[in-house]
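2 protein chains.
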Amino acid sequence: MPLPARLLDASLLLIGRASPAIVWDVLPLSELNLIERIRRFARRSPALRVGIGDDCAVLRLPAGHETLVTTDFSLEGTHFRRDWHPPESVGHRCLARGLSDIAAMGGDPVAAFLSLALPADIDQRWVDSFLRGLLDLAVKNKVVLAGGDLAQSPGGVCADIMLLGSAPRGKALLRSGARPGDVLYVTGQLGVSAMVLHALRDGQSVSPKSKQAAPHFWPQPRIAIGRALRGLATAAIDISDGLSTDLTHICRESGVGALVREYSIPREVSFQGSSLHFALHGGEDYELLFTAPAKARVPESVGGVRITSIGEIVRDPKHRIFLTDSHGQRKLVTPAGWQHFTSSE
Amino acid sequence: MPLPARLLDASLLLIGRASPAIVWDVLPLSELNLIERIRRFARRSPALRVGIGDDCAVLRLPAGHETLVTTDFSLEGTHFRRDWHPPESVGHRCLARGLSDIAAMGGDPVAAFLSLALPADIDQRWVDSFLRGLLDLAVKNKVVLAGGDLAQSPGGVCADIMLLGSAPRGKALLRSGARPGDVLYVTGQLGVSAMVLHALRDGQSVSPKSKQAAPHFWPQPRIAIGRALRGLATAAIDISDGLSTDLTHICRESGVGALVREYSIPREVSFQGSSLHFALHGGEDYELLFTAPAKARVPESVGGVRITSIGEIVRDPKHRIFLTDSHGQRKLVTPAGWQHFTSSE
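Chains as they are written, first to last, in the working numbering: chain A, 1 to 345; chain B, 1001 to 1345.
One chain only, chain A, in its complex shape (with noise of 0.2 Å):
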């Protein structure tokens, strides 16, 4: 078998060809270095005990943690256009979606496993390029890629990363924790995600390598930042669906509500009137959103990433999230959700 076989799993080199007469095929990957890469960096994880090549892979957590898993598709028409990001950006993305969700536990990456749907007739340097995104991203945080599977899919690209991480038993953030008297924080900048994608959606050019697209493109998990709240933050939450949502999702989770000042949440001004509303309910953010008690010494910025309050949980039954103006005025705020490539306003 050829040396592909060990990519990810025995599995991973077969692709069925379109129903209902599939014929198995080998994965022509062409770049061997991409591969060769893929396991010497899986053999330096001490985490690792038998990765690629097995019906499992074995993985040995730290002694008094508990485990982390998330899984995330990103699929093509819903998470990204091929002709809107690169490769190697649906591959950084495809990554972070599942490295944030760790982060917004507190929780330490260990491993990554990859299902890949292809299309028949994709470019293989698409492959390798998607393939080089993500593990440019996986060796940022340490995470190393231990397995997955690969098959033909029948429409668009279609990935599924589960991720795998350790936190001290009993020290994973959750949802659950806020109580009244919290203030909230959150790191970062809102909105600039759902900015580019309103651009692109507009016909506009937009460039992956510009320093203000970066967000959308390149999102950076905030995995310090969680490491750092651990015995700090209350809850916490990745916005990944926008602040909106989000925040709901904590309020209902801890059974409180939330005061938001509006001027203090941190955005993109350029865009005008829009930023409110993108930092609102604009999602694929990545920041974290948590809340730790008024005496909590939280670090003004970690990592270079600014960490900023802006607002306070209330007591609430309805779990209702209220945004004030510079004027002290109150005005409920609906979550929104987060309407991939649609028109959020």
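These are computed hints drawn from the structure, not numbers from a lab.
Please read all numbers here as calculations on a predicted model, not as lab measurements.
The C-beta atom is built at its ideal place from N, Cα and C for all residues, glycine as well.
Hints should not be assumed to be uniformly reliable.
The following label-pair restraints were derived from C-beta to C-beta distances [claimed, not checked]:
no., chain 1, residue 1, chain 2, residue 2, range
1, B, Asp1123, A, Pro293, 43 to 51 Å
2, A, Arg169, B, Lys1142, 31 to 39 Å
3, A, Val139, B, Val1139, 56 to 64 Å
4, A, Lys211, B, Ala1120, 36 to 44 Å
5, A, Pro299, B, Lys1140, 31 to 39 Å
Covered stretches of chain B (chain A as the covering partner; in silico rule of three or more C-beta atoms under 8 Å from a C-beta of chain A) [as the list claims (entries may be wrong)]:
no., stretch
6, 1048-1054
7, 1157-1163
8, 1301-1309
Chain B: place on chain A using the hints.
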């Protein structure tokens, strides 16, 4: 947010419509019973500290154990066809694929995570029945459905199952431990699943309820046998791609060759001439293939499933497999792989 929000994950409700203008919508899960059943069952798992409703599931694995992870696609047109396989069978087979990998490691299944992409026009009853088939097998094997993701598929049904299991430290059965002189064993009977697929392809009608067709529609992962083999077997694998292919994996990973006695392979003889072919090269048996020292006390059966000695491991740097017939004639076996939904003749 309606109750289904908790089915697997907040994101599980969000179903995207076809690109380019995708609207997220709420999955109209009609059967609240099913959801309640998932949640009730999840609450009974001592390993699951935090399940559906947070960024990650939090699991507490037994001390001194290692973590096993496997992921497997079940794609429409590749692994099943909606006109051939009832939804309960698709759900059952989806989970069985993952459980069988845990069995092959001698592991205990702990939790399953399901990522499911569905076509926009799918009948809700299909989804309910799919989940019912999956959950019935989950309950039977004491594995909890602890999370996942749901999205709209631009093509057919696309399911990705991730199984998390555990095995006492250092005790997981690998593919790499077979030694010359070891006896080669197989559980159950081989080839029936491939025979049924052959019949379906032939346009024959096969009832999913018939006892004879059960190994295809309702394969039983050999969890109890895998567990019984810990400390007994030197190498193990599950037969998903066919005996010839999966034995080749053991031989390559262990650096050995194998002799298989043609007349010892347990198979359905009613198919006369083809039964050897299906038993050797047919896939999706989900039986275990393992090796043990000649002196090891391998039971004749576990839980009513027969264990049969079919040959032995030999020294061979070329990792070849030879078949010996009743006259002592040797014939080289070429691993034929498993060709889904194509003529395997």
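Inset, instruction - Taking the numbered hints from earlier one at a time, note which ones the structure violates and give those numbers from smallest to largest. - result: 2, 3, 5, 8
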